[in-house]
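Q: Sequence:
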Amino acid sequence: IYTALQVDFTKTTDFLSAQLTDLQKEVSEIKQRTSAIEAENAQLRLQINKPSVADSDDLREIIINLKTDLNDRDQAQLINDIELVGIPEFEGESCGHIALAVATKLGVSLEERDLVTATRVGGRRAGRAGEEGSSPRPRPRPIVVRLARRSLRDNLIKSARVRRGASTADLGLPLHEPNPLYINERLTKMNRTLFAKAREQARQQRWRFVWTAEGRVKVRRDETSTVHHIRAESDILRVFGSASISS
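Once you know that position 118 of the sequence shown is 118 in UniProt numbering, the rest is easy, because the numbers rise by one and skip nothing.
None of these hints come from the bench; they were simulated from the model.
Taking lysine-lysine and the DSS-like style, the derived pairs with C-alpha atoms no more than 27 Å apart in a straight line are:
| # | residue 1 | residue 2 |
| --- | --- | --- |
| 1 | 158 | 218 |
| 2 | 67 | 189 |
| 3 | 218 | 67 |
| 4 | 158 | 189 |
| 5 | 197 | 158 |
| 6 | 158 | 105 |
| 7 | 197 | 67 |
| 8 | 218 | 197 |
| 9 | 67 | 50 |
| 10 | 25 | 11 |
| 11 | 218 | 189 |
Start from the sequences, fold in the hints, and give me the full structure.
A: Laid out in structure tokens, this is it:
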């Protein structure tokens, strides 16, 4: 009986030992898999926290495109607007009456009902025209005029280009030294910046033409060259960068 019990005990312990060995192997495999998963997760976190150069470039391009699209929409909201630049600023003035006087001077028929709004824009400056002790007088703030129809805006801009050299004389303003009068398209802040940078690059590169049309900045080297549209700073680098290399 003792021998039989001993044999059964030995078989049982051998079985348990084998089971324990298998369990240890499974635990070891689980540890290895866990370590591999943790390493993979660490790598993924590293990639998320530190995007590749390609990912950064793609993200930068997306942001630029979004800003450009938003700027185009903002510019479309100004399609009926013009800026009157160079008109001296006086206390008690009526910007609407000034806008009508400018239209008359340019030979464009304009009535009060054609004006949606007319107002000075920008921070008020000290020493405005008509005040004593303001020498030298700072440049007056522009007058922004929103017209009821786009055709009116187009007629005013076209007439202003035909009558280059117009001044603030004969506008019914108080006594002042006449200034050059400019009628411009109204641009968004982004487009004003692009226009200024394009003009500076054109000056440096000796390009002849920089202008705006329908709120878009355009440049051209000469009468026979291609017209380039400037919608973002990358366009300035693309257009004038290649020009500087080829020149």
